[in-house]
Amino acid sequence: MTGGCLLDRSTPAANPAKEHRHDAAKWIGACMKTASSIKLALGALLAVAAPSLALAQTDCLACHGDMTLQDASGHSVGVEAHTFAASLHGSLQCTACHTTIKEYPHPDKVTPVECQNCHADQASGLADSVHAKASEHPCISCHGNAHAIFPKDDPRSAVYPLNIPRTCGSCHSDAALAKKYGLANVYSFYMDSIHGFALSREGLLVAANCQSCHGSHHILRHTNPLSSTYKANIPKTCGSCHAGIAAGYAFGVHGKAVASGNLKAPVCTDCHTAHAILQPTEAAFRMQSTPICGSCHQDKLSTYRDTFHSQLGGLGGYVQTARCWDCHGAHGILPASDPRSPVNQANLVKTCGRCHPGANLSFVQYQPHANARDRKLNPALYFVRLFMNLLLIGTLTFFVIHTILWLIRSRYNQIKTRSAEGGKNG
Amino acid sequence: MADLEQAAAESWEHEEKEMRHFLRFTRAQRLLHATLFTTFLGLAATGLPMRFSESVWARALASGVGGFGAILAFHKLCAVVLTLAFLIHVRDIFTRAFIHREKGIFWGANSMVANWKDVKDLFGHFRWFLGLGPRPQFDRYSYWEKFDYWAVFWGMVVIGFSGYAMWFAPFFAHFLPGWALNAVLVIHSEEGLLAILFIFSIHFVNTHLRPDSFPMDLVIFTGIESEEEFKNRRPKEYQRLMAEGKLEARLAEAPGIWQLNFSRVVGFTAVAIGLLLLVLTLSAYF
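Listed in order, the protein sequences are those of chains A and B.
Just so we're aligned, residue 1 is where the first sequence starts under the working numbering, counting upward by one.
Just so we're aligned, residue 1 is where the second sequence starts under the working numbering, counting upward by one.
No lab work stands behind these hints: they were computed from the structure.
Heads up, the beta-carbon is just placed ideally off N, CA and C, and yes, glycines get one too.
Please note that the accuracy of each hint is not assured.
Pair ranges (Cβ atoms, derived) [what the hints assert, rightly or not]: (1) Ser302/A - His100/B: 53 to 61 Å; (2) Pro211/B - His297/A: 51 to 59 Å; (3) Ser302/A - Arg264/B: 41 to 49 Å; (4) Glu114/A - Ser63/B: 55 to 63 Å; (5) Lys103/B - Gly353/A: 53 to 61 Å; (6) Thr95/B - Asn413/A: 41 to 49 Å; (7) Gln367/A - Trp167/B: 17 to 25 Å; (8) Met166/B - Ser302/A: 17 to 25 Å; (9) Arg101/B - Gln367/A: 45 to 53 Å.
Straight line, CA to CA, 25 Å or less: simulated SDA-like cross-link-like pairs of lysine to any residue [claimed, not checked]: (10) Lys76/B - Pro357/A; (11) Lys416/A - Leu209/B; (12) Lys350/A - Phe171/B.
Computed footprint of chain A on chain B; a stretch qualifies when at least three of its residues, placed anywhere within it, have a C-beta under 8 Å from a C-beta of chain A [said to hold, decoys possible]: (13) 168 to 174; (14) 200 to 209.
Chain A extracted, bound-state conformation (with noise of 0.2 Å):
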């Protein structure tokens, strides 16, 4: 939030989730920015009021009232007069905005409203952003019709919480557009999302939507280290809503490591994707989220996998099963050796025996990572895998050569027997 004028007049008090999303000190900032900003409108109210007396919305709504009234051009350049009323800017005359035209009859070519004249501070932003050169008019592009915009708690604002995702979505769901610009097709996915179902579904205005992690205007790619979509500023993004989760996470080896500058380390998006987001506890997140965490830890991976938990969890249906963070735990991870841990050796009986009750000490010498072909790490079990593979080849090998053989000799008789009959069933 970038301290607008009158649409952002009302939104801390209507809009609980900018509440927690902001500390302290940054909300007194807004709301100074605010101020200085409805001042400034008010100013611009000032400036052109004077000449404005002279055409007031009545002489204009005289013509342009006519919805079927058209430019040159064939645009369409009809106002709704109620809703135009009503709408956010339905006090102003309408040269507040179309200030070049002075007087009637006007010329019949216009300039382009000029928004920045009064929203100076989302036009500055916009000028370093990501939407900086789209060729389309960059406000009524998200803001939608000039004359229905709305404040962005109303729901007929083009960007109310839960209209934002269809806002952006009219070009970033576009795959000609994705394609064009080298973007992900990721409104699908955003929808299909956590977010996007508590959104849509249950309407939840908490519910983080596109400009909850991206921003409005100020809106940077990701690999700029400005954007908060920045790999390293992922976890302050996320941790603006999730600032429990943020907390444990920082504490964690991985917070830890990112903090410290270590950007192979994994934040909230490595894990859960950045659109496609997940219930955890849901079924595919399960079976998805094991070789997101051995794409750094191969070793531990493939020892995982000789296991009898990645046999039972790789079937799926029953995605019980331990997987990493089960186990290690999700967001504050840390080494065993830390007695915090829940892989830490105290504490082990608690861990294992979440799902395995009754397990004892000796249950938990169990190892869950135990690699059969490390003579030096598991010889126990190096040698009971060398002597069952041992009896394996062996008895197979004998019986092999034993059948063939047999085979051989069998249908050897069996042709020599039949000639001797006289190739009778021969």
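Let chain A serve as the given structure and place chain B on it in line with the hints.
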């Protein structure tokens, strides 16, 4: 045409009447084998997807039957049934040997215990394979049949024990060291794999698919074989019974056509499932 068919039918009936039939397996033995192969197929069909859970077919099969939960439940059900069958068999052996004092359980021609003749038969068989000697004269149970029996016996103990150790891991952890809980999975899966590969390739070919029995030896289903089969396959037993005058006591009715057809349906189904599972298993390696 009709005359020809009638003539063929008459000659078949004639031959069948002429041919004497003998009992090889009792009803209890056949029932034991039936329980063994049905539960074994069930265990293999549910165990393989767990062993190769990363493969496409394993996941397709698992999702087809309701996921892993269903697979494991079925695996355990088959395991319990097979365990009961095994325990009943062991109890039967003990009762016959120690309560009824039946002779020849642990030694002799009718025993499953290997003896010196089996060693000689093994080498003799190889010599015959290579054309270096006559075909050995087998008695009631040949060395490869005894091997099959003991392989299953050993497998039952090893796979059964390791399976129950996983099923009731916290309980077994009272007696077993921690590494043993890792080892039981290795043992269970390797021994299971050996059993599957052995039964679906070696046992199938040795017993059913080799030219002498092709396409299927029905004696394990009907319990009855013809005199010719008896004489050819186990000449030693035939002569022994003849010499002892006990041959007549083994005479039996020829199996009915419905019995043969039923046996064929069951047998071919089992072999088909087994071969499919064998192909799937091998596809995980090659």
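Do the hints match the structure? See the list:
no.: 1; hint: Ser302/A - His100/B: 53 to 61 Å; verdict: holds (55 Å)
no.: 2; hint: Pro211/B - His297/A: 51 to 59 Å; verdict: holds (55 Å)
no.: 3; hint: Ser302/A - Arg264/B: 41 to 49 Å; verdict: holds (46 Å)
no.: 4; hint: Glu114/A - Ser63/B: 55 to 63 Å; verdict: holds (59 Å)
no.: 5; hint: Lys103/B - Gly353/A: 53 to 61 Å; verdict: holds (54 Å)
no.: 6; hint: Thr95/B - Asn413/A: 41 to 49 Å; verdict: holds (42 Å)
no.: 7; hint: Gln367/A - Trp167/B: 17 to 25 Å; verdict: holds (19 Å)
no.: 8; hint: Met166/B - Ser302/A: 17 to 25 Å; verdict: holds (21 Å)
no.: 9; hint: Arg101/B - Gln367/A: 45 to 53 Å; verdict: holds (50 Å)
no.: 10; hint: Lys76/B - Pro357/A; verdict: holds (19 Å)
no.: 11; hint: Lys416/A - Leu209/B; verdict: holds (19 Å)
no.: 12; hint: Lys350/A - Phe171/B; verdict: holds (16 Å)
no.: 13; hint: 168 to 174; verdict: holds (count 5)
no.: 14; hint: 200 to 209; verdict: holds (count 4)
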